Amino acid sequence: MTHSLNIIPDKCTGCMQCELACSWVQTGYFQPSRSLIRVNVFDEQASYAPYTCVQCDEAWCMNACPVNAIATDPITRAKVVLEQVCVGCHLCTIACPFGTIFTLPGTDKAAKCNLCGGQPACAVSCPTGAIEWAAAQGSPWFGPWGDRVDGRFLEATVGGNR
Amino acid sequence: MGGWTRKLLRVNLTHGTHAVERIPDAWLKEYVGGRGVADRYLWEELDPKVEPLSPDNVLIFATGPLTGTPVSCSARYMVVTKGALTGAITTSNSGGHWGPELKFAGYDLLIVEGKAPRPVYLAIYDDDIKILDARKFWGQTTSQTEDGLRKELGIPAARIACIGPAGENLVRFACIINDKHRAAGRSGVGAVMGSKNLKAVVVRGTRGIPLARPAEFMQANWAMRAKMAVSPGRQGFTELGTAAVIDLTNAFGGCPTRNFESGQFEHAENLNGNSIKDTRMVANKACFACTIACGRVTRLSGEIADKYLVNMHPRNWRIAGEGPEYEAAWALGADCGVGDLDAVIKANWLCNDLGMDPISMGATLAAAMELYERKVLTDKDVELPLRFGSGEALVRMTEATAYREGFGDELAEGSKRMADKFDHPEVFMGVKGQEFPAYDPRGFQGMGIAYATCNRGACHLRAWTPGMETTGQVSPHATEGKAEWVADEQNRTTSHDSTGICLFTGAAGTTLDDLVACTAAATGIPFTLADFVHIGERTWNLERLWNLRAGLTARDDNLPQRLLKEGHKDGPAKGVVVRLEEMLPAYYRVRGWDEKGVPSRQKLMELGLASL
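In the order they appear, the protein sequences are chains A and B.
Note that the first sequence ends on residue 162 in my numbering; no numbers are left out.
Note that the second sequence ends on residue 1612 in my numbering; no numbers are left out.
Derived from the structure by calculation, the hints contain no laboratory data.
Hints are not guaranteed to be accurate.
Quick look at which bits of chain B chain A covers, simulated, 3 or more residues with Cβ under 8 angstroms [stated by the list, open to error]: (1) 1195 to 1207; (2) 1290 to 1296; (3) 1442 to 1452.
Since the structure is predicted, the reported quantities are computational estimates derived from the model, not experimental observations.
Note that the Cβ used here is the ideal one computed from N, Cα and C, for glycine as well.
Let the sequences and hints guide you as you build the complete structure.
Structural data, given as structure tokens:
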């Protein structure tokens, strides 16, 4: 069974615990500016909306990447940036229609939500249940194409192609 | 060491200069951070005799070691200065998102000195510090200023603390507003900011906060989170907000009504937590890292929005705003006898947008209403009848006060100065020039000694006794042991403030031990609970010494005659007066102060303050 992040904006109070948790897992610091989930605040409408990568089936960032630095994690199905492959060209940030892939100051490499390897810290830290890590009805995966990119992930993370 | 950034940013507005300095490690260990360290700097750098609104006064914004971390409610920063309302040291606390942002920019403290020759604002983007022209924002409300500054600078994620027209017009109880609805509210810190021609401080921080012992810290953090998740106190705050407290105080005759004439308000149910939740609330709102979310987002719609129209109304009242919380609902409501929630919401909203403390606003208007009802003030003095219960007077005079229009000019001086001017000092209900908050000490004797001895004037946040006095653990009318208890409580809340964590965590299932564990793990200094109580006592005594140097004496540790001589005519606290004369000597004794309220040499040695 596939899991996915369910975000329920009505339950969000705008406390930013998710941003803190995300930056902690990703960088080892409490640093919302490097969080990969962002809470959008619409004060005058009394609305708060946490938002992060939706892990598109056919991901534009992945298609745009000229060096194949974005691959699919075979377990969580998250699109992950292979930092050692990324050359920092920013094309993925332009391609993403949702604005949820970032470049990091300092290294200038791409960074995006990787679902924390299957235990998303944002969902754990949310005090109101506005972010859930829940079982999802998965659509049929992309078959051979998916296998090919999975292979690339395994090669990079386990085999080590560079 | 982690938690602290150990840096401070010093800005001199007279010369337009700034510098980054290291905070001495010894001070961080002796005072934890935030309020304590800022007090230490104030002691070192500010002559207590200065005129609060002169360029010589110093304005300090201070965060604690836990501000900006995921410890629940780590949103707080403290504004420390000489109060425009009181002339005493003031420590005014605010939440929202501004404090953590200052920390992310890399600073524990921001010290503002001098006075700019023309209106300016301060823009902080990590290392990039600029003092910029604010003439086009001068006169704007806090929400206009915030939106305008974000646009001008092109930094959507910037956080802004600013003053409204009240601060510019030096209203004695003007406050500093951040994130549109969060206030460093009391003692007139906004007037001090206005006197420096400083309209706003814009902060964007992109750095991270490191930790000394991460694994231990996360463990302590999650232990605290788990307690709060199941605490009935926390659930109550989330469900009904702070306004639920009005039911409690009313039941004990401790809800001051019509300028302390009575202890029970007949329309309290219009202003309580359920009323706000059921009729006007649209969402909960949390400050940074808060797992309580006591903030009430309210909205007025349709015909309601057209009631009590004034010149200044934010987007015709059609957008969502915030509040009221308990203190504002009491001051603008019960204290003025107003039972109409919509009038209270509008007045509260105006206070936020114009940058004024709703407690002092409501209490000052209540004093004026008493003068009007007693015919001391006549229709020649005021534009419209200041009758108790008049929603129209409440909303109109709130606006007039911020702009100092007509009789608003008198109200803007605060109730003590106003009462003295009209020769009726007995209508001033407060201590050290600052109006009481929402607990009648005749209903809760503990609040009597807490109010009388608080360093920043009447205040409920330094020792909050009704929690125990309403649950049967301590009798509300007894005085035995209250002085000792309040002194201990003051020490603890002082350290609590200094960590940068909201005091509400204490009413939401956690204790100071939890914060000690988090602070020790974050900073790497092995603080213990005893250390924290000792540090709180040291800070409290330092503030006391500063006040004594400023010219305050034991005579200022007093309550108005009304509370000492006149009991309520009916209700649960009928006929009770505050027995301050029993509690005050005991308080001085337990503090180790002489009968004049001066800390003894021995006490100062014990606290490491003897060399100051």
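Exercise. Are there hints from earlier that the structure breaks, and if so, what are their numbers?
Worked result: 3
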